[in-house]
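Peer 1: Spelled out, the chains give:
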Amino acid sequence: MSAPTPSPVAVHDPGQLIPLVRRTALVRCNPLTKIAVALILMVGTLLSIDVVSAGVVLGFCLFALPATGLDLRAALKRLWFLPLGALLAAWGTAILAEKTGEVVIDVGPILMTTGSLEAATAIFLRALALAIPLIVLASTIDPRDLADALVQRLRLPEVVVVSVLAASRLLGLLVSEWQTLAMARRARGIAGGSIVRRTRSLFAGIFVLLVQSIRRGTTLAMAMEGRAFGRPGRTWRRASTFGSDDRLAVVVSLAVCALAIVAAHMLGTWNPIVGGN
Amino acid sequence: MALPIRAQGFSWRHADRDEPAVGPLDLSIDAGEKVLLLGPSGAGKTTLLHAIAGVLPAESGEATGQLRIGDRPPDPRRGDAGLVLQDPDSQVIFSRVGDDVAFGMENLGLPADVIEERISTSLAALGLDLPHDHPTAALSGGQKQRLALAGIHAMAPQVIILDEPTANIDPDSAVSVRDAVLGTQAATSATMIIVEHRVDLWLDHVDTVIVLGPDGLLTQGPPRLVFGDPELAEALIECGIWVPGRAGPLRTESRPDGDLVLRTERLDVARPRAKAAAAAGLDLSIRTGEAVGIIGANGAGKSTLALTLAGLIPEFGGEVNALGSLRSGAKHARPFRWPSALLAPRIGMVFQEPEHQFLRSSVAEELALGPRLAGWSAVQVEERVAELLQALGLESLADAHPQGLSGGEKRRLSVAAMMAPRPQLLIVDEPTFGQDALTWAGLVGQFLDVLARGSTVVAISHDHAFLEAIGARRVVLGGAQRKKQTSGAGDTQEGREN
Amino acid sequence: MPETTAPQSTAKTARAYSQAPASKQWRVVDYVVTAVLGIGVGLIFWVLALSWKVLELGFQAFPPSIGLIAGLWVLAGPLAGAIIRKPGAALLCELIAAIVEAVLGSHFGATVLLSGLVQGLGAELIFAAFGYRKFNLWVTSLAGLLAAAFMSVSENIMYNAEWQFGFQAAYTVCAIISGVVISGIGAWFAYRAIAKTGALSSFASGRLR
Chain A
1 MSAPTPSPVA
11 VHDPGQLIPL
21 VRRTALVRCN
31 PLTKIAVALI
41 LMVGTLLSID
51 VVSAGVVLGF
61 CLFALPATGL
71 DLRAALKRLW
81 FLPLGALLAA
91 WGTAILAEKT
101 GEVVIDVGPI
111 LMTTGSLEAA
121 TAIFLRALAL
131 AIPLIVLAST
141 IDPRDLADAL
151 VQRLRLPEVV
161 VVSVLAASRL
171 LGLLVSEWQT
181 LAMARRARGI
191 AGGSIVRRTR
201 SLFAGIFVLL
211 VQSIRRGTTL
221 AMAMEGRAFG
231 RPGRTWRRAS
241 TFGSDDRLAV
251 VVSLAVCALA
261 IVAAHMLGTW
271 NPIVGGN
Chain B
278 MALPIRAQGF
288 SWRHADRDEP
298 AVGPLDLSID
308 AGEKVLLLGP
318 SGAGKTTLLH
328 AIAGVLPAES
338 GEATGQLRIG
348 DRPPDPRRGD
358 AGLVLQDPDS
368 QVIFSRVGDD
378 VAFGMENLGL
388 PADVIEERIS
398 TSLAALGLDL
408 PHDHPTAALS
418 GGQKQRLALA
428 GIHAMAPQVI
438 ILDEPTANID
448 PDSAVSVRDA
458 VLGTQAATSA
468 TMIIVEHRVD
478 LWLDHVDTVI
488 VLGPDGLLTQ
498 GPPRLVFGDP
508 ELAEALIECG
518 IWVPGRAGPL
528 RTESRPDGDL
538 VLRTERLDVA
548 RPRAKAAAAA
558 GLDLSIRTGE
568 AVGIIGANGA
578 GKSTLALTLA
588 GLIPEFGGEV
598 NALGSLRSGA
608 KHARPFRWPS
618 ALLAPRIGMV
628 FQEPEHQFLR
638 SSVAEELALG
648 PRLAGWSAVQ
658 VEERVAELLQ
668 ALGLESLADA
678 HPQGLSGGEK
688 RRLSVAAMMA
698 PRPQLLIVDE
708 PTFGQDALTW
718 AGLVGQFLDV
728 LARGSTVVAI
738 SHDHAFLEAI
748 GARRVVLGGA
758 QRKKQTSGAG
768 DTQEGREN
Chain C
776 MPETTAPQST
786 AKTARAYSQA
796 PASKQWRVVD
806 YVVTAVLGIG
816 VGLIFWVLAL
826 SWKVLELGFQ
836 AFPPSIGLIA
846 GLWVLAGPLA
856 GAIIRKPGAA
866 LLCELIAAIV
876 EAVLGSHFGA
886 TVLLSGLVQG
896 LGAELIFAAF
906 GYRKFNLWVT
916 SLAGLLAAAF
926 MSVSENIMYN
936 AEWQFGFQAA
946 YTVCAIISGV
956 VISGIGAWFA
966 YRAIAKTGAL
976 SSFASGRLR
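Chains as they are written, first to last, in our numbering: chain A, 1 to 277; chain B, 278 to 775; chain C, 776 to 984.
These are calculated hints, taken from the structure and not from any lab test. Among the hints, erroneous ones may be present.
To be verified - Beyond 12 Å from chain A on every Cβ pair, some chain B residues (computed):
(1) Leu387
(2) Ala414
(3) Gly428
(4) Pro448
(5) Arg455
(6) Leu478
(7) Arg501
(8) Asp534
(9) Asp560
(10) Arg661
(11) Pro698
(12) Arg750
Claimed, not checked - Derived lysine-lysine pairs resembling DSBU-like cross-links, with alpha carbons at most 30 Å apart:
(13) C:Lys909 / C:Lys971
(14) B:Lys687 / C:Lys971
(15) C:Lys799 / C:Lys971
(16) A:Lys77 / B:Lys552
(17) C:Lys909 / C:Lys799
Owing to the predicted nature of the structure, the values given are computational and were not obtained by experimental measurement. Virtual Cβ for every residue (Gly too), placed ideally from N, Cα, C.
Throw the hints in and build the complete structure from the sequences for me.
Peer 2: If you want it as structure tokens, here you go:
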């Protein structure tokens, strides 16, 4: 983004999964723009499994992270498992991909070749490049702004959109409730112990969480109806608009997407998922 | 503007039940009247309120008779009624204060400039001096209730319907919520109907009291007449209604001479992952057989302290140490280091929301869990469960699902489940919030029983009557105790050690 | 002659909890609880993904066998279908679960939206085939089966493209088995357990008898 003028966020919102610390130009963009950017970057990564296209998109994302205005240290703490998951996906590919090139490792059933290792690296980068844009962009979207955009811009039915997005506020509530539930299980004496006990205890907690969330949802629906929700002729407090920042964000992401695809073709690593090989 | 409410032979029956949840009932509430609706749990107060608000789920039961708001049946979409519910967390709709207040007005189709103007007016009227983009998740329970009221205030409804709006918040905030309700009513001169257990909070501010009995309307009249009638008083007490001016139950003397069971030295407490302590420099000595009440303003770190004492979250600074019989057999002195199976039979923790700690699919199994994990024999477990079921008066519901019980039953079951394995220390967080007088008395009985057997009770509570009833010594959090920790030694708080 | 008013099928009346709601019209509570279920299941996906990292490692020796737990990913559709019982509930719920999972952080990124759509469609088609009038163990199991079948085909294209065909076929078989067991049969019993708590009293599915 071009020289954003970030204003610091006054009160931290405990409902946010990754806290927003600055309101940058990107944060102020229309939610639809943010979703479009995530989808455009996804296209750049999804079409091919190769190191270059995934690397270009991932590199851009990491470079542009400060523009999201998020607390990056908190983001790192919450997303530590992403590289781990990507690594697991890569491991699967390394032993399953077609064995081309020289043999690198051959231990019992595990056979890895230069070809399969290259595919594994590509899968690793690609997994991260698919995950990061969506998570960070979604963290900057306020459900209310999204509702405005979906109803006013995409003409989606307002009862569906507002109901679903109002319910989404319960997500933050459920995350903190999950921590309380874990403590409650420890207090009841069923936390820890053997793996079977741990699993049983975990499922007991999940069940309570589901029941609680349904109850809360039912109450929320009642509260919404109790304030005349569902009446025809709803008005909107704010107009959902697009500005020059929105155009810029889309253009930049399109450019990155194009660069990823062109670079992969030029360097000869292009490896499309459909109709290729 | 206000509308009258009339019911003629109105009743509503849930599809699963043979008996109606409420009614048949004849009711007449005049336009602009302020009504307090009372009755025992199960009399259908909440169902009646939801019916008047028009939000009873259409697919789950059927109504008979007639109910009219003005001259039409209730329909929330007309926007002539505004509803505020009990649970502060479940009725916040958007993540920013301004959007939340605007929600009802947008539904009514008001133009954007009117909405902006009224958001400011309504927030100010409810004493919420906050910027419009303030996050709703950062509000306290009392503030969330006032936010919901601001949304109603802005809609300017003709009928205001309130379902235990102060049940889940502390008594200090309850007064401000009540004043907010009365302010909203005064500003709209709407008909107001409210269900509440805290009778004394509302009595001087309503025109009429309506009491629902198990078989329909018990009485309707001005508060002074209803509560001045000695014949009615007994019936009201039997319904679990807090009759003002009744003396509290007996007090027991705490025994501060027992052995130490738990001691903290310069303890700092904080929620997991928090950067700063919620309360710091706490020196507590808790003795066997005594009741300790931990009091203090909202945000003083009371609940966090309870979790820390219960060994559920680590100390932020300092240490919690178990001593004497509470510790015997445990390798570590700090309860946080104990495995779950060792912790539960020694320290019982009752959470603020009973739903969080139910783990089994029947009441009896819920009660049996603790003793069984503590290694009791099958016969002992069975005896204990039978004893507790009888004490709770839940024998007929032994096979019912704990999550399906009424609010008061859930609360008492959650306490009973924690006391089932006879822990030496029972820690409870606001056990009496929003309970009717019967449940309250039952809870007091439960804790007196625990104390009588020589166990210790630590209660976080705003409810002074409750703390007096169990004879608790008070520890105040906040103020002097909340001293900034400096690096040097020797700034110990004045403690109670000998 | 007086008309006979004998009930038509006294013996064969289905259990009250197997019946469809009175109306196919969506209410506000239907939307909100569908969303809440999607959010709850999405959160569960995420929690399990964290807790089961160790378990997943065990599958890495033969990755197609991960299909044996992959059936879990289609839980939201059959569960919402059984609870909400309105046209589109399974699709909407699976889509929301996918969005939540993506937002909380999954290494599938925005592609989960595609997955959610495909999987939700699988479950939805089954409920539609029964005209949204029949809700029981069999229908829900079938919903789990078709959702898992849709899922495995789309996953083979999107993620497992590098795998040899034999591995892809093995993955599909494993996924369908787990889809029926976890997300079909499992969803039905999960729904019954939830109904017993009384939390579904606003729904036709919440009938206790």
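Peer 1: Is it the case that Pro448 (chain B) keeps its Cβ farther than 12 Å from each residue Cβ in chain A?
Peer 2: Pro448 (chain B) clear of chain A: closest Cβ-Cβ about 23 Å, beyond 12 Å.
Peer 1: Holds or violated: are the alpha carbons of Lys909 (chain C) and Lys971 (chain C) at most 30 Å from each other?
Peer 2: holds (20 Å)
Peer 1: Are all beta-carbon distances from Leu478 (chain B) to chain A longer than 12 Å?
Peer 2: Leu478 (chain B) is indeed farther than 12 Å from all Cβ atoms of chain A, at 22 Å.
Peer 1: Against chain A, does Leu387 (chain B) keep a CB gap of more than 12 Å to every residue?
Peer 2: Given a closest Cβ separation of 6 Å, the condition is violated.
Peer 1: In terms of Cβ atoms, is chain A entirely out of 12 Å range of Arg455 (chain B)?
Peer 2: holds (19 Å)
Peer 1: Pro698 (chain B) clear of chain A by more than 12 Å, beta carbon to beta carbon?
Peer 2: violated (8 Å)
Peer 1: Decide, holds or violated, for the assertion that all CB atoms of chain A are farther than 12 Å from the CB of Asp534 (chain B).
Peer 2: holds (29 Å)
Peer 1: For the pair we were handed, Lys687 (chain B) and Lys971 (chain C), check the Cα-Cα distance against 30 Å.
Peer 2: With a Cα-Cα distance of about 15 Å, the restraint between Lys687 (chain B) and Lys971 (chain C) holds, given a limit of 30 Å.
Peer 1: Minimum C-beta separation from Arg661 (chain B) to chain A exceeding 12 Å: can you confirm that?
Peer 2: holds (15 Å)
Peer 1: Grab the minimum beta-carbon distance between Asp560 (chain B) and chain A and tell me whether it stays above 12 Å.
Peer 2: holds (24 Å)
Peer 1: So Ala414 (chain B) supposedly isn't at the interface. Is its beta-carbon more than 12 Å from every beta-carbon in chain A?
Peer 2: Per Cβ check, Ala414 (chain B) is inside 12 Å of chain A; nearest 3 Å; violated.
Peer 1: Verify that the Cβ of Gly428 (chain B) lies farther than 12 Å from every Cβ atom of chain A, and report whether the claim holds or is violated.
Peer 2: For Gly428 (chain B), whose nearest Cβ neighbour in chain A is about 6 Å away, the distance does not exceed 12 Å, so it is violated.
Hint violations for this structure: numbers 1, 2, 3 and 11, all remaining hints satisfied.
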